[in-house]
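K.L.:
Listed here are the chains, written in short residue letters.
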Amino acid sequence: MKNDFPYISLKNVDKADLTKIENYLHFGGFSAIKQSLGLSADEIIDRIKKAGLRGRGGAGFPTGLKQSFTKTSCEVCLQKYVVCNADEGEPGTFKDRYIMEKNPFAIIEGMIIAAYAIGANKGYIYIRGEYEQAIRTMQAAIDDCYRYDWLGKNIAQSNFSFDIDIYIGAGSYLCGEELTLIESLEGKRGYPRIKPPFPAEKGLWQQPTLINNVETFSHIPFIINEGYEAYACIGTAESKGTKLFCVSGNLKQTGVFELPMGITLRELIYDVCGGMLEGFEFKAALLGGAAGTFVDASFLDVPLAYETLKQKGATLGSGAVMIIDQATNLKDLLINILEFFKHESCGKCVPCRIGTTLIYERCKKAQLLPDDINWLIQQTEYMSRNSLCPLGQSPILPVKSFFTYFNV
Amino acid sequence: MQNKQTEEQVLEILKQFKPEKSEILKALHALQNAHPLHYITEEAITQTARYFKLTTGQVYGVVTYYSMFSVKPRSPFIIRLCKSPVCYMKGSLNLWNYLSQKLLLNENNISSDDLFTLEPSECLGHCEQAPAMMINEQVFTNLSPKKIDQIIDDFKRKYHEK
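Chains as they are written, first to last, in this note's numbering: chain A, 15 to 422; chain B, 926 to 1087.
There's no promise every hint is true.
What the hints assert, rightly or not - With a straight-line cut-off of 30 Å between C-alpha atoms, the simulated DSSO-like cross-links for lysine-lysine are:
1. A:K136 - B:K1071
2. A:K414 - A:K379
3. A:K167 - B:K943
What the hints assert, rightly or not - Computed far set for chain A versus chain B, every beta-carbon distance over 12 Å:
4. Y112
5. R150
6. C360
What the hints assert, rightly or not - Now the in silico label distances, taken between C-beta atoms and shown as ranges:
7. B:K1081 - A:Q171: 31 to 37 Å
8. A:N343 - B:P961: 37 to 43 Å
9. A:F41 - B:N1019: 40 to 46 Å
10. B:K1087 - A:Q49: 36 to 42 Å
11. B:P1070 - A:H40: 22 to 28 Å
12. B:G1016 - A:P20: 55 to 61 Å
13. B:P1070 - A:V422: 29 to 35 Å
14. A:P20 - B:K1072: 17 to 23 Å
15. B:K1081 - A:K324: 48 to 54 Å
16. B:Q1063 - A:E57: 32 to 38 Å
17. A:G52 - B:R975: 46 to 52 Å
No wet-lab data here; the hints were simulated from the structure. All values reported here derive from a predicted model rather than from experimental measurement. Where is the CB? At the ideal position from N, CA and C, for every residue including glycine.
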């Protein structure tokens, strides 16, 4: 395992309490803003592109590309928005909570730079309602930024002004999807919109909107400060930088770990987490959350990165790594996940509304025959083709991977 | 304790928010948290609609969409027990049954002493210390029946001291 990598999202969080603005400033906080304000928007976006930063929410879309789309999509629009997606609802994922609670100013700094690059003056941080502690920490950090003139009018004596508001979700997994989140931000029920238009063209209040995950924003100050070369040399060919892995299960150590992209499952379990707890054996892992894929022991040496997992039909997703041991009934776990989709389906698209219930019911059968399994895969394929948003498109991931690697 | 919210109280809360649509969820949270029984009343929905210049139906639609909101009376304490995959693997189902018996829940999942409402929750994001639950805004992790006994007793004691 490579030990010589810099921390990015969690930079210095072990050295001081970075929720205090004095400490953040002491470690050179906000220097990336000062530098950015001396650059042109295109120069910033170019650096993000060259760094190879990809969206950390799960889809892995190139961040620089998203920024340039949002910047250029509408020259006459009066208002553009930057939205930070902190509606972390993917089961098994808790990294965004961790960054918000430990390093809130890095997120804000990343948002300010992104806003300057695309020409936005208003930002929102959409935090799920269950994250009380994170909401308090972020609100305090925003208040501090206003006090120290890092938010508001004429940031760092420049012509650039930017405001951030916190928006609090109310318990909807679906609102983690970007266009649904925007609907929710507009004070409506969280129903997905039809894509295109994408948020870069018509997002919040039909204006160009840049929407990124918490972890993505927290990487921007590093790229500006240390240069894109320093960033791009971490990770694998197509997945640059570090990633926060959320490890859970019956392991000696669990939690959020920042590691270079491309670390293997074996290194993660045995080197980073110290192995399984006494009496437990590794049986499977669920990567990327409920909308993720089951993998078996044959994946222990596959690098955890977007392209390497994709090649093998698996997904990195949000960085959730749920380790499943021999004591867990795998089929019960699959039923648990299908119940989750059934509960969270909003009902807008019929294939998803009915499909999530049908697959859940069928999976509960005492014994699944080959016909049942084929039917389950067919149904999830149909749902994935005919649903608007990732919720209906996702059950195929756990279902198909489950039956590929495990017998029930 | 009075288990009602007056029209004046609702208006007082609504006035803390700008009458912009992106403030609705915040306002609804505030209304629900201020109600002793942690729910949003029909009257509050009507007033919210008027305040934000929406129809009652639109606001009702929003309230009923989000699982953290309730249009039914609940209780001073809402227990959200996580049942998502990691907590499930670590025995959250047993804890659900344990809590149900301990609290003697009625058909609306409200305890016999009317203090607690038990609700299942999707992932609370504390998987590294599963199983987890929330009581109102507080999070409790690494749960066991013994730990739950302590937590519930604490809440009861503090409530009765007030």
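K.L.:
Each of the hints needs a verdict: does it hold here or not?
P.N.:
For each hint, the structure was consulted:
With a C-alpha separation of about 48 Å, the suggested pair A:K136 and B:K1071 falls outside the 30 Å cut-off, and the hint is violated. With a CA separation close to 17 Å, the supplied pair A:K414 and A:K379 stays within the 30 Å bound. For the hint pairing A:K167 with B:K943, the CA-to-CA distance comes to about 20 Å; that is within 30 Å, so the pair holds. Non-interface status of A:Y112 relative to chain B is broken: a Cβ of that chain comes within 12 Å, the nearest being about 9 Å off.
The beta carbon of A:R150 is not kept farther than 12 Å from every beta carbon of chain B, the shortest such distance being approximately 9 Å. Its beta-carbon lying about 8 Å from the closest one in chain B, A:C360 breaks the requirement of being farther than 12 Å from that chain. Range check, B:K1081 to A:Q171: Cβ separation about 56 Å, and the 31 to 37 Å hint is violated. Taking 37 to 43 Å as the suggested C-beta distance range, the pair A:N343 and B:P961 conforms, at roughly 42 Å.
Our hint of 40 to 46 Å for A:F41 and B:N1019 holds, since their Cβ atoms are close to 45 Å apart. A C-beta distance of roughly 53 Å is found between B:K1087 and A:Q49, which places it outside the suggested range of 36 to 42 Å. As the Cβ distance of B:P1070 to A:H40 is approximately 45 Å, the hint placing it in 22 to 28 Å is violated. Roughly 39 Å separates the CB atoms of B:G1016 and A:P20, a value that falls outside the hinted 55 to 61 Å.
At about 30 Å, the CB distance of B:P1070 to A:V422 agrees with the hint of 29 to 35 Å. A hinted range of 17 to 23 Å is violated for the C-beta pair A:P20 and B:K1072, which are about 39 Å apart. A beta carbon spacing of about 52 Å between B:K1081 and A:K324 agrees with the range 48 to 54 Å that was offered as a hint. Between B:Q1063 and A:E57, the C-beta spacing of about 46 Å breaks the proposed range 32 to 38 Å.
Distance hint check for A:G52 and B:R975: the Cβ-Cβ separation is about 49 Å, which falls inside the suggested range of 46 to 52 Å.
Comparing the model with each numbered hint stated earlier shows that hints 1, 4, 5, 6, 7, 10, 11, 12, 14, 16 do not hold.
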